[in-house]
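I would like the entire structure built from these sequences, with the hints used as guidance.
The primary structure of each chain is shown beneath.
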Amino acid sequence: MAGTGVSDSSTLAHRSWPREGLTRVPYWVFEAADVHAAEQQRLFEGPAWSYLCLEAELPNAGDFRTTFVGKLPVVVVRDRGGEVNAFENRCAHRGALIALENRGNVKAFSCVYHAWTYDLKGTLKGVAFKNGVKGEGGMPASFCMADHGPRRLRVATLAGLVFATLAPEAPPLREYLGDEIVARIERVLGGRTPVVLGRFTQSLPNNWKLYVENVKDSYHASILHLFFTTFGLNRLSMRGGIIVDPSGGHHVSFSAIDRAAEKDEEYSSQKLRSEHDSYQLADPTLLEGFEEFPDGVTLQILSVFPGFVLQQIQNVIAVRQILPREVDRTDLHWTYLGFAEDTPVQRAIRHKQSNLVGPAGYISLEDGCVGGFVQRGIATAEGECAVLEMGGSGAESQESRATEASVRGFWKAYRAAMGL
Amino acid sequence: MSDAFQQIAALNARYARCIDDGALAEWPQFFSERCLYKITTADNYKDGLEAGIIYADSRAMLVDRVSALAEANIYERHAYRHILGAPFILADGGAEARSETSFLVVRIMRDGTSEVFASGRYVDVVRFNGDLPMFAERVVVCDSSRIDTLLALPL
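Respectively, the protein sequence lines represent chains A and B. The letter at position 377 of the first sequence is residue 375 when you use the numbering used here, and the numbering goes up by one with no holes. One gets the numbering used here by counting positions in the second sequence from 1 and adding 59 to each.
One should not assume that every hint holds.
Claimed, not checked - Under the rule of at most 30 Å between Cα atoms (straight-line distance), these lysine-lysine pairs were calculated in the DSS-like manner:
| id | chain 1 | residue 1 | chain 2 | residue 2 |
| --- | --- | --- | --- | --- |
| 1 | A | Lys105 | B | Lys105 |
| 2 | A | Lys105 | A | Lys69 |
| 3 | B | Lys105 | A | Lys69 |
| 4 | A | Lys105 | A | Lys119 |
Since the hints were made in silico from the structure, they are not lab data. Values in this document were obtained by computation on a predicted structure and should not be read as measured data.
Have a look at this one:
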């Protein structure tokens, strides 16, 4: 493969992170075109693993989906040997998209422009009129198909999730995630068969990192999202915390029922008070759940650097894929999940509880607009910084959720990947 | 012009006017007590995927939606303008009819920005008992799978 022609080492040389380190985030990271361009090279096409789709979305040989790694268009496809492959969605000839549809089933891919064809591993297999027409034209004898093809990605799967990386030097997926994150993914998805219940795309009016910060920010949850408080649905006896992996880039925020405290008398009286002070749901069946997890964890938000989220909010399981579109535009792809093992009653519960999440979610719709409020607020503040001092200055796991440790963790991993 | 057509056209007109005038507290009254109100996308609908952006199986859940928008949820002030097509009657069983109606919704933001927010069709089951017809089912099938920023007011 020829050189990229992009002088990566020279870009961003004039940018320097504030001296305070992880407790400050310079606003130019959300606004500058050079940063946005460098992210594609250093981060999305660097030694990170990006989520592509679910294995359940590719049940049969020839099933494919098109998606993106950052802004890089990608085809992900199951081949006849049952392996999942991913390759750049760019014809080796003149650069047109190889696959146009969001999904489908094919025996092989053929570029619509000049019918160059590819097998299910992304290997160039045919060039139309390669030998010319009636002995005239055609490709030179020196042209070797094996020397041409879209870039291939390394693919790895975990609990039905398909991840890929472009970087040969990236560690294996499980090593990249670490044992704690792997265990927390398997806790939700392991040992059962995910079924897609619906897909929705939310178009966010902000830089992709503002959404990532929001996902990792457990500090804002009970402040910005007032639904539970307004309707007196907060459980006072919760325990929880956040886990930040050593790289900083992945995190888990969780809360669980504290069964010991639930029996506490004081808790009962507090609970009564809070219920009297608030509105009541006209239809409380919204939150009638079923016990899906023996550990009593009712909320687990898990993120994988750079742009993947697995959520369990009560019985609502969803994956979110965060994709940059422009400096100030982001696509958030929601895939709501159930499991083949669900009973009809359990499936109905998932549908009703899904009112909590997504673009119209009772506890998530604010996340759709708050990133835009920041993007607009910082319009001329390239020289200023955000302040991240809640819970100290580190990026380690904490038992309190009133912390910005996992947001600092993101910036730790981001700076390492970007060389900032 | 059938009776069902006229009644559903009038119901649709009242429904759109209610939302566009900001009279959301009255919006649940367009539905029967046990009902289905769901917002989904054409892709999900075609593929038989059941989840909704909003999913309510009772009028009381719609009441809660309105209360949450008024009391709990935070979003920038905005309004809709619904432009509706004529209802197409799929089946007219006397007490109940199934119909489809196209819609176009313009969202008008606080600063005056007006954009097409959604287009699609309502797939309805309308029940005629008593004076006022009601929706036993209203499945809002958006043509696009993309929602700009957030969906607060109902479609």
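Satisfaction of hint between Lys69/A and Lys105/B, Cα-Cα up to 30 Å: 28 Å, holds
Holds or violated: Lys105/A to Lys105/B, with C-alpha atoms at most 30 Å apart: Holds: Lys105/A and Lys105/B sit about 24 Å apart, inside 30 Å.
Given pair status - Lys69/A, Lys105/A, alpha carbons within 30 Å: This hinted pair holds, its Cα atoms lying about 26 Å apart.
Lys105/A paired with Lys119/A [C-alpha distance capped at 30 Å]: 11 Å, holds
Consistency note: the structure conflicts with none of the earlier hints.
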